[in-house]
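There are 2 protein chains.
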Amino acid sequence: MSDYMEGKSRWWGWGYLDRRFDVENRENIMPFMRENLGMALDRDRFTDPGLEEIDIPAPRLEDEALRELRELCGPENVSTDKFQRVSHSMGKSYRDLLRMRMRRVDRPVDAVVWPREEEEIVSILRMGEARNLEIIPFGGGSSVTGGVEPLAKDRDGALSLDLARLNRVLRVEATSQTAAIQAGALGPEIEEQLNEQGYTLGHFPESFDHSTLGGWIATRASGRQSTGYGDIEDMVLALRMVTPRGVVDTRRVPNTASGPSVLQFCIGSEGILGVITEATMRIRPMPEVFDYRGLIFRNFAAGVSAIREMMQQGMVPTCVRLSDRTETALVGSFRSTTGNKWKKKGEEAALKVLARRGFSFDDGAFMVMGLEGGREETEYMRAGILRLCRGLGGLHLGTGPGRQWYESRHDTAYFREQLMNRGVLVDTIETATTWDNLLHLYGEVRSALRAALEEGGGRSMVGCHVSHAYREGASLYYTLFAPMTEEGGEEEQWERVKRAASEAIVENGGTISHHHGVGYEHSPWMRREVGEISLEAIRAVKKVMDPACILNPGKLIPAR
Amino acid sequence: MSDYMEGKSRWWGWGYLDRRFDVENRENIMPFMRENLGMALDRDRFTDPGLEEIDIPAPRLEDEALRELRELCGPENVSTDKFQRVSHSMGKSYRDLLRMRMRRVDRPVDAVVWPREEEEIVSILRMGEARNLEIIPFGGGSSVTGGVEPLAKDRDGALSLDLARLNRVLRVEATSQTAAIQAGALGPEIEEQLNEQGYTLGHFPESFDHSTLGGWIATRASGRQSTGYGDIEDMVLALRMVTPRGVVDTRRVPNTASGPSVLQFCIGSEGILGVITEATMRIRPMPEVFDYRGLIFRNFAAGVSAIREMMQQGMVPTCVRLSDRTETALVGSFRSTTGNKWKKKGEEAALKVLARRGFSFDDGAFMVMGLEGGREETEYMRAGILRLCRGLGGLHLGTGPGRQWYESRHDTAYFREQLMNRGVLVDTIETATTWDNLLHLYGEVRSALRAALEEGGGRSMVGCHVSHAYREGASLYYTLFAPMTEEGGEEEQWERVKRAASEAIVENGGTISHHHGVGYEHSPWMRREVGEISLEAIRAVKKVMDPACILNPGKLIPAR
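Line by line, the protein sequences are chains A and B.
With positions in the first sequence counted from 1, the corresponding number in our numbering is that position plus 26.
With positions in the second sequence counted from 1, the corresponding number in our numbering is that position plus 26.
Hints are supplied without guarantee of correctness; some may be wrong.
You can't tell identical chains apart in this list, so a pair holds if it fits in one copy or across any two.
What the hints assert, rightly or not - In silico SDA-like pairs for lysine to any residue, Cα to Cα no more than 25 Å straight-line:
#, residue 1, residue 2
1, K179, G469
2, K378, G417
3, K371, R383
4, K369, H466
5, K371, E558
6, K569, R554
7, K369, M56
8, K108, E97
9, K569, N54
Don't read these hints as lab results, they were simulated from the structure.
Everything numeric in this text was worked out from a predicted model, so none of it was measured.
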């Protein structure tokens with residue numbers, strides 16, 4: 027059984043069971059939310075569900091199939107247990123969390139299997155073909171696009187293939203700074219094993235604790251430090267992927283002109299072509315310096331210019347994030363208000379200094395800028411970046427706000443749990459575009475979101491930040507809040523909002539996803555973004571690798 | 027007609043007609059070659075061919091087809107002229123140059139067409155399907171893998187589709203530092219148009235003068251400054267490719283998680299999927315500083331360590347090249363020995379200083395290290411790199427040898443023309459691997475080459491350099507020389523050598539090509555490198571985009 031999930035994580039929501047968002051020490055946050063959403067937030071609309079409240083049909087898988095699986099992987103590595111089936115049937119999207127709160131698991135998987143080695147996966151896929159199954163590769167289950175939910179209607183069973191047992195760093199090659207890592211390793215498992223030998227992968231998405239290498243590769247993920255370390259597709263030197271037709275094993279070379287990049291076609295294939303089992307990753311020595319700072323700009327546009335200039339002048343931070351006015355105010359209200367009295371007094375004094383200089387968290391753009399690396403190199407970059415920001419009107423706030431962001435960087439995902447129970451629609455939507463289009467896209471998507479959120483006449487709050495930056499553009503990451511609509515209409519309300527945002531993104535030159543992937547939530551817009559010929563190309567490759575269409579049918583592209 | 031080729035370039039060999047390798051001012055080079063190859067080099071085995079000496083059959087294309095083409099693209103943009111047919115039927119590989127010297131054009135194209143806009147290409151492909159033609163996209167014709175030679179046996183004509191008319195920079199987007207460029211633009215045409223606006227693409231392959239953007243993208247090329255500016259696949263933000271089933275138009279975004287990368291599948295497709303017509307490229311401001319230097323190391327391994335350290339410490343030069351012992355000696359013998367007496371005396375004094383410190387061009391490893399960019403950034407990098415190299419036993423030779431390399435960087439390709447006429451087999455072979463495997467692969471390929479070159483009992487010379495460097499590995503680029511075998515056996519001799527090298531590469535963890543591409547010369551080894559499933563995937567995508575298989579059949583993968 028998956029050691030990681032059972033008894034440690036919220037199967038119905040986000041994160042570790044023993045961790046919740048600390049509202050008590052932040053006096054300003056709930057008043058801020060109340061004011062902006064125009065709701066009292068004083069009663070529970072939902073409560074966390076108990077497993078016994080969830081109703082799912084008996085597993086469809088025949089006894090013979092289960093026996094075969096148990097023989098293959100060991101009886102302890104096959105389960106039709108309710109907890110396992112429920113926790114493997116959905117990801118962590120707003121829709122998923124909503125349905126869990128409604129005690130609904132619309133499409134449960136029938137069993138979960140934890141193969142111990144690649145050879146067992148080969149056999150499982152063979153069995154899947156023979157028994158007309160739907161097989162869904164499962165990493166950490168943190169998908170926000172519906173990536174792990176079974177969708178097929180014409181199968182004799184849905185099997186979740188959990189890679190949790192393949193969680194080892196197999197080899198570290200110090201000379202080349204690469205490591206062969208098994209795909210089922212979770213973020214912390216990878217870093218722990220690499221750190222021991224003095225290395226880091228440098229991939230730290232918000233889902234870090236609850237997502238795996240294979241999942242990152244399958245969804246073309248980006249960590250929060252991607253500006254410096256690169257996106258996952260830049261980190262993969264080579265991979266192994268088990269398909270129903272055999273193993274794709276790309277060559278371990280730094281670069282090649284040996285035809286079209288099959289490697290870059292496997293990256294982002296979301297489990298529809300094969301099961302990624304192992305990858306050779308580019309790794310880095312542990313940074314000597316770890317330096318996060320806060321800055322504030324008078325407005326979003328000024329901060330955007332600063333990021334663009336950094337990137338184009340080759341002053342590349344490891345991490346850079348810029349919040350718009352709304353999100354900056356939200357960040358301000360997140361500040362811890364209890365604890366050390368002197369620290370509190372110091373912060374208040376700092377805010378006064380800010381105000382005298384004409385900056386404010388109520389009407390500014392907050393930037394976090396992080397540098398990780400060698401001493402000399404980070405010093406050089408820091409000096410250049412701070413000089414550049416000053417020149418563009420930015421005010422350096424020092425390491426305090428940077429550290430604060432770093433320490434609380436996982437909090438918002440936990441906050442969502444509480445807000446949803448109080449009846450707040452909370453979701454995130456992300457895209458990317460080139461610098462010349464960034465502010466235009468920013469405005470269009472924001473307007474579309476607000477219009478959709480306020481359709482019923484209520485209020486809404488839409489914050490945004492630039493996170494992953496490139497020489498020629500950046501990503502935009504929206505966080506949205508609004509009162510949930512009347513009971514029973516919540517899913518439809520969300521669909522309306524999602525549709526409005528997705529339309530605005532695709533119509534205005536954005537990509538439907540910068541790093542969340544496609545799953546089934548984004549596939550109608552992915553189709554428009556990539557066009558019919560490219561879609562046919564993906565379909566044709568699927569037909570080569572997975573001719574019986576047993577792997578994650580219905581994701582990315584409509585199946586058969 | 028192609029303005030560029032006619033009357034300006036050698037159709038039977040490399041380069042501009044008015045340019046040749048200057049042997050006269052280099053007293054040492056011919057004695058060096060004579061000694062190392064054990065041949066007199068005093069008589070012509072071949073002479074440059076005249077067009078009238080080449081025999082090709084009448085074009086197979088029906089009058090009606092030609093009429094249709096002329097109506098489509100204008101009569102001046104269609105030709106069955108002998109010069110055009112001959113010069114569009116082969117690239118610039120050793121095999122190509124050999125056959126030209128033997129007055130052999132084995133498989134001539136039947137006509138050449140120069141479309142003026144994308145719409146015309148759509149029509150040409152439609153016509154190609156209707157008339158059962160073979161259509162070969164043609165850029166600068168510099169392929170060294172057989173990429174532009176017609177191969178199909180079952181067609182009613184072979185048409186070379188020359189993109190020379192699509193040679194404009196369409197838009198420069200200063201904010202995002204991107205430019206939309208037509209695929210038929212040659213290196214100098216691109217740089218001229220970008221430089222006018224203060225930008226550079228930064229892609230400078232050896233073939234720069236005679237290759238196009240579309241060709242670079244189709245073959246996953248790398249320029250000599252790729253270590254700093256990136257390989258072509260890093261520079262393409264988006265592209266347009268006309269396929270017989272419609273236009274693939276990838277989204278202009280800095281990054282996306284919208285499924286498998288169709289973009290990275292089109293890059294490297296070598297004209298078998300479609301005709302690349304336009305790409306949005308990442309561009310850079312013209313460098314403020316342009317600084318090339320020479321260094322010398324006691325041996326190849328020490329220099330290799332220095333490059334690895336630079337890359338892994340983030341001290342990334344724009345260009346870095348390291349020659350092994352043989353190539354260093356060759357570089358030494360290339361030195362101009364006439365001209366300014368004082369300059370000459372200065373050089374001789376410098377060589378004496380070298381010798382006193384225990385370094386020599388006869389027994390060392392010469393490095394060129396180039397930096398291009400902003401003043402501050404290049405100063406920072408230079409200081410770091412030189413410090414690092416000193417620490418690893420390298421001796422800094424100053425800017426003189428760097429400038430000399432830069433100025434003569436196109437010379438060797440011209441030298442080949444003269445050597446081949448004197449009966450020398452001259453070719454280049456390239457690969458890439460990770461640092462941990464680099465010296466092993468270096469030795470294995472070198473041994474295989476020497477054994478194959480010396481099979482008849484003669485002598486040979488095999489030099490090698492590291493050119494394109496990455497954090498986790500680098501490319502190896504071999505230049506090989508040997509006396510040609512007995513008359514009539516030259517092509518077979520070369521095939522034997524090529525086969526031996528390719529086997530050694532694939533057997534020892536290299537890629538069959540780092541930047542030359544596949545064409546038909548590399549396809550047997552590409553097949554082994556990528557494996558059958560990946561090959562089937564490419565074949566399946568071709569079937570989607572080019573179901574009648576009219577586009578460059580026989581390249582990359584065996585056709586139908």
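>> At most 25 Å between CA atoms: does that hold for K108 and E97 within a copy, between copies, both, or neither?
In response: within (21 Å within a copy, 71 Å between copies)
> Given a CA cutoff of 25 Å, do K371 and R383 count as a within-copy pair, a between-copy pair, both, or neither?
Replying inline: within (19 Å within a copy, 65 Å between copies)
> At most 25 Å between C-alpha atoms: does K371 with E558 qualify within a copy, between copies, both, or neither?
Replying inline: neither (60 Å within a copy, 67 Å between copies)
>> Checking an output row: K378 and G417, CA cutoff 25 Å. Within, between, both or neither?
In response: Within one copy only: 22 Å inside a chain, 51 Å across chains, cut-off 25 Å.
> Using 25 Å as the alpha-carbon threshold, which applies to K569 and N54: within, between, both, or neither?
Replying inline: neither (55 Å within a copy, 61 Å between copies)
>> With identical chains, the pair K369 and H466 could be close in the same copy or across copies; at 25 Å between alpha carbons, which is it: within, between, both, or neither?
In response: Neither: 40 Å inside a copy, 59 Å across copies.
>> At most 25 Å between CA atoms: does that hold for K569 and R554 within a copy, between copies, both, or neither?
In response: Result: close both inside a copy and across copies, 21 Å intra and 22 Å inter.
>> Within, between, both or neither: how does the pair K179, G469 come out at a Cα-Cα threshold of 25 Å?
In response: Neither, since 40 Å and 57 Å both go past 25 Å.
> When no copy is named, should K369 and M56 be tagged within, between, both, or neither for a Cα gap of at most 25 Å?
Replying inline: Classified as within: same-chain Cα gap 22 Å, cross-chain 78 Å, threshold 25 Å.
Consistency with the previously given hints fails for numbers 1, 4, 5, 9, ordered from lowest to highest.
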